[in-house]
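Peer 1: Work out the full structure: start from the sequences and follow the hints.
Listed below are the residues making up each chain.
Number of protein chains: 4
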Amino acid sequence: MKKLMRGLRQFQENYVPAHKKLMSSLAKGQSPNALFITCSDSRVQPELITQAELGELFVIRNAGNIVPPFGATNGGEGATIEYAVKSLNVDHIIVCGHSSCGAMKGLLQIGKLEEKMPLVYNWLIHTEATRQLVEDNYSDLEKTDKLDMLVAENVLTQIENLRTYPAVRSMLHRGNLSLHGWIYNIHDGRILAYDAERHAFVPPFEDPGKEFSHGNGASQMPGEDRLARQQAQRIFKGSY
Amino acid sequence: MKKLMRGLRQFQENYVPAHKKLMSSLAKGQSPNALFITCSDSRVQPELITQAELGELFVIRNAGNIVPPFGATNGGEGATIEYAVKSLNVDHIIVCGHSSCGAMKGLLQIGKLEEKMPLVYNWLIHTEATRQLVEDNYSDLEKTDKLDMLVAENVLTQIENLRTYPAVRSMLHRGNLSLHGWIYNIHDGRILAYDAERHAFVPPFEDPGKEFSHGNGASQMPGEDRLARQQAQRIFKGSY
Amino acid sequence: MKKLMRGLRQFQENYVPAHKKLMSSLAKGQSPNALFITCSDSRVQPELITQAELGELFVIRNAGNIVPPFGATNGGEGATIEYAVKSLNVDHIIVCGHSSCGAMKGLLQIGKLEEKMPLVYNWLIHTEATRQLVEDNYSDLEKTDKLDMLVAENVLTQIENLRTYPAVRSMLHRGNLSLHGWIYNIHDGRILAYDAERHAFVPPFEDPGKEFSHGNGASQMPGEDRLARQQAQRIFKGSY
Amino acid sequence: MKKLMRGLRQFQENYVPAHKKLMSSLAKGQSPNALFITCSDSRVQPELITQAELGELFVIRNAGNIVPPFGATNGGEGATIEYAVKSLNVDHIIVCGHSSCGAMKGLLQIGKLEEKMPLVYNWLIHTEATRQLVEDNYSDLEKTDKLDMLVAENVLTQIENLRTYPAVRSMLHRGNLSLHGWIYNIHDGRILAYDAERHAFVPPFEDPGKEFSHGNGASQMPGEDRLARQQAQRIFKGSY
Chain A
1 MKKLMRGLRQ FQENYVPAHK KLMSSLAKGQ SPNALFITCS DSRVQPELIT QAELGELFVI
61 RNAGNIVPPF GATNGGEGAT IEYAVKSLNV DHIIVCGHSS CGAMKGLLQI GKLEEKMPLV
121 YNWLIHTEAT RQLVEDNYSD LEKTDKLDML VAENVLTQIE NLRTYPAVRS MLHRGNLSLH
181 GWIYNIHDGR ILAYDAERHA FVPPFEDPGK EFSHGNGASQ MPGEDRLARQ QAQRIFKGSY
Chain B
1 MKKLMRGLRQ FQENYVPAHK KLMSSLAKGQ SPNALFITCS DSRVQPELIT QAELGELFVI
61 RNAGNIVPPF GATNGGEGAT IEYAVKSLNV DHIIVCGHSS CGAMKGLLQI GKLEEKMPLV
121 YNWLIHTEAT RQLVEDNYSD LEKTDKLDML VAENVLTQIE NLRTYPAVRS MLHRGNLSLH
181 GWIYNIHDGR ILAYDAERHA FVPPFEDPGK EFSHGNGASQ MPGEDRLARQ QAQRIFKGSY
Chain C
1 MKKLMRGLRQ FQENYVPAHK KLMSSLAKGQ SPNALFITCS DSRVQPELIT QAELGELFVI
61 RNAGNIVPPF GATNGGEGAT IEYAVKSLNV DHIIVCGHSS CGAMKGLLQI GKLEEKMPLV
121 YNWLIHTEAT RQLVEDNYSD LEKTDKLDML VAENVLTQIE NLRTYPAVRS MLHRGNLSLH
181 GWIYNIHDGR ILAYDAERHA FVPPFEDPGK EFSHGNGASQ MPGEDRLARQ QAQRIFKGSY
Chain D
1 MKKLMRGLRQ FQENYVPAHK KLMSSLAKGQ SPNALFITCS DSRVQPELIT QAELGELFVI
61 RNAGNIVPPF GATNGGEGAT IEYAVKSLNV DHIIVCGHSS CGAMKGLLQI GKLEEKMPLV
121 YNWLIHTEAT RQLVEDNYSD LEKTDKLDML VAENVLTQIE NLRTYPAVRS MLHRGNLSLH
181 GWIYNIHDGR ILAYDAERHA FVPPFEDPGK EFSHGNGASQ MPGEDRLARQ QAQRIFKGSY
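Chains as they are written, first to last, in the UniProt record's numbering: chain A, 1 to 240; chain B, 1 to 240; chain C, 1 to 240; chain D, 1 to 240.
If you're looking for bench data, these hints aren't it; they were derived computationally from the structure. It cannot be assumed that every hint is accurate.
Pairs involving identical chains hold if they fit within one copy or between any two copies, as the list cannot separate such chains.
[What the hints assert, rightly or not] Derived pair list, reagent style BS3-like, types lysine-lysine, alpha-carbon separation capped at 30 Å: (1) Lys143 with Lys105; (2) Lys20 with Lys143; (3) Lys105 with Lys146; (4) Lys86 with Lys21; (5) Lys28 with Lys112; (6) Lys28 with Lys86; (7) Lys20 with Lys2; (8) Lys146 with Lys28; (9) Lys146 with Lys116; (10) Lys116 with Lys86; (11) Lys21 with Lys3; (12) Lys2 with Lys86; (13) Lys143 with Lys2; (14) Lys86 with Lys105; (15) Lys146 with Lys112.
Peer 2: Below, the structure is given as structure tokens:
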């Protein structure tokens, strides 16, 4: 708590005086361009990853970046999506999963959760489609690869779930909204974005420096070190 | 979207190389000290406000920083709280509201929302205690002051709601968990923290510089410019 | 049933003629001063325990004197609380648990209930906070002491749950409502009341006669006969 | 509260010493013969009305003595009924309504409740069958008579609802359980019991004294002073 207090002070001493104009302007109202849905995980900071300024990202964060299908719950996700789309008119919704996700690890051993963490257990039912897809089609994968697969498929499940919301569906129909699926690698900070045409998660731009590049785009696929190239590709084709 | 892509690239070119050690270490696991529950509003960035590093804050964000009472919903809030408390053993839970909150504005005119934004309407029922308290006790306030009041009381409502969660109640009993209520002022970046003994929202530390100080602690009360001093004090006494 | 019929007749022959004035007056309307929430247990009679006349106590009784958190159910508890606070303007709400409570015994062996008594099982989920607190913190207690602990903590859980109701929160804010936690000992008829300042359940007044007194106030703690004095004190400190 | 404290003391000074044997015996366990379901109204004291001793009546009390149909809610009513029938093996369930019931008055003007007392509104939906029956068949009655009718029909609705509970249905089938519908008159303390064969609410025994008798059994019908005899009879024939 002391460190947080020190942080608050630093923020007020350094950041605020340097951004008075921006903050004054934002006090009149926000008009973020994107709704960013990601995990509560402390290693994922949406505004840091995207270097977003105050006012740029409207953010939902929960365990597992899950969006329950419309009507399945009366929690905050649906209300916040509705507000973002209908009141703020965001142009983009990004669902961003991440490697080593604790919620996805829970999905791997869902049976143990029912008694120990009943609320987490009930919550993960909203992404049961992910669990079953991976169980049905990739049950032979090793645990680490299966986890990568769950992370990737979970992002696509939430994109589908997003489509079930009336406000989202209406805006998509109008062509005023784009949905994006991302995976963030907590180890090296790289992002993979789902490419519907190529049915694969791919780097959203040319990799900047050699330090994190292995010479070609596909090298960013999680699991590449452990999996045969073809297998890794298959994994990241996703279920679309 | 272009700006976000540029941000991703900057993050990888600048931040990542400079934080390789931290990121490698975090790849092994997270152990955040606090669960930070705040609004989806794009003008509130928890890690910026607290200058938190990767790995320090576990974060829930939804419209209005609302925590439905235990059992009232099967949304992500309860599951994420349970995970934070039982699996990550966080020591602190901070509920952080903010000035000019759109969800609280919705609460001011809840009747209009039922048809226009039904999910937001249903979501705000979880903080009906806030609406009713302000309506019953401060119906004579002007709109801006009433909004400040709603923001403050809403934070306290969520603290009450947090206490109904089994995992939270058990850890509170053990003395291993502290609950904190904060209000963030989007205009000047100042934080007020709820002080249960004084029954008031007060600055959590001495104000650093004169630029943001009016000479004494109580001056940070939202609404002070518009309200008589005594009235502002009464408002921020909260309902504890 | 014959005994009940005999009772009805006695009531009409003896009580009614002697209380004609009171009953006539009450026929015009009720204005009870307190809402008394207690268990359905046949050994707990709220009006007998408090020697309350007709018209004095508004009463909720269910298995385990449980108050589900606001929004967690659409049963009678919330509606009756709302009516008591908003329409009858009661000044006090008393939650009164009791020793040897069958519902709390059920909580001790919750696993066996799911199949055998599914409605009881689902009902006890509303006081899961009690079960978890005791399991996490007092798993080493013997069964009888654990039961005493569950009874005491259950009362405090319901006080927490009460605070989530909009009508209750608003009246608490105004200072027009007090919440009380009591434990009734079915063996000797003694009451312990929760004292928030001392964080303990204590006798609400000096014990009247030596027949039920052990010479000092703290002796009324349930479990004192079985537990070391310090242990009994620790138990009844509760989680506030 | 002072009066309650005085009552507690009187109870301990007078009642407890005179009933030590009974209380000691009951501390070993309860075996009530009947489940008594009645209103929270302060003017209705089930144990006083029936002159029941400690240990004789298992009691549910809520606003309007309503029993939601099986599956309609996860509140305390169903759980308490299940416990009474399956664990305590009660032989009788009595649903006891009463004259001038506030919940039934609410049913008369249900439209006004939705905003003012939303929880009461939602609760009364469980007895919508009562409202609709009276609206459809007795819309021409004056307000007072309609209220009497609602009270009577509400008792019968709850008897029907009781029959929807698995545990109740099974015991009824076995012949081990009887259901009773009573109406308590708060003005003169008289009880009317539903007689299924005569399709009418009638006094459960010969009226004891002339003070409360008008010379024949049917005279106890509420509304007799105001209604034609035939009309009153029709009203109290109920809907069975």
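Peer 1: All hints are to be evaluated individually against the structure, with a verdict given for each.
Peer 2: Consistency of the hints with the structure:
When the C-alpha separation of Lys143 and Lys105 is checked against a cutoff of 30 Å, the pair qualifies only within one copy, where the shortest distance is 9 Å, while the shortest distance between copies is 36 Å. Proximity of Lys20 and Lys143 under a CA criterion of 30 Å is satisfied inter-copy only: 26 Å between copies versus 49 Å inside one chain copy. In this homomeric assembly, Lys105 and Lys146 come within 30 Å of each other (Cα to Cα) only inside a single copy, at 9 Å, whereas the closest approach across copies is 34 Å. Proximity of Lys86 and Lys21 under a CA criterion of 30 Å is satisfied intra-copy only: 28 Å inside one chain copy versus 42 Å between copies.
For the homomeric pair Lys28 and Lys112, the shortest alpha-carbon distance between copies (22 Å) is at most 30 Å, but the shortest distance inside one copy (49 Å) is not. In this homomeric assembly, Lys28 and Lys86 come within 30 Å of each other (Cα to Cα) only inside a single copy, at 19 Å, whereas the closest approach across copies is 38 Å. In the homo-oligomer, the alpha carbons of Lys20 and Lys2 lie at most 30 Å apart both inside one protomer (26 Å) and across protomers (25 Å), since each shortest distance falls under that limit. In the homo-oligomer, the alpha carbons of Lys146 and Lys28 lie at most 30 Å apart only across protomers (18 Å), although the nearest pairing inside one protomer, at 47 Å, exceeds that limit.
Taking the shortest alpha-carbon separations for Lys146 and Lys116, both the intra-copy value of 23 Å and the inter-copy value of 20 Å come in at or below 30 Å. Proximity of Lys116 to Lys86 under the C-alpha cut-off of 30 Å is restricted to the inter-copy arrangement: shortest distance 9 Å between copies versus 38 Å within a copy. Both within a single protomer and between protomers do Lys21 and Lys3 lie at most 30 Å apart by alpha-carbon distance, with minima of 27 Å and 20 Å respectively. For the identical chains of this complex, Lys2 and Lys86 are inter-copy neighbours only, at 23 Å across copies versus 40 Å inside a copy, given an alpha-carbon limit of 30 Å.
Taking the shortest alpha-carbon separations for Lys143 and Lys2, neither the intra-copy value of 39 Å nor the inter-copy value of 36 Å comes in at or below 30 Å. In the homo-oligomer, the alpha carbons of Lys86 and Lys105 lie at most 30 Å apart only across protomers (15 Å), although the nearest pairing inside one protomer, at 34 Å, exceeds that limit. Taking identical chains as interchangeable, the C-alpha atoms of Lys146 and Lys112 lie at most 30 Å apart whether they share a chain (18 Å) or sit on different chains (26 Å).
Violated hint for the displayed structure: number 13, the only one.
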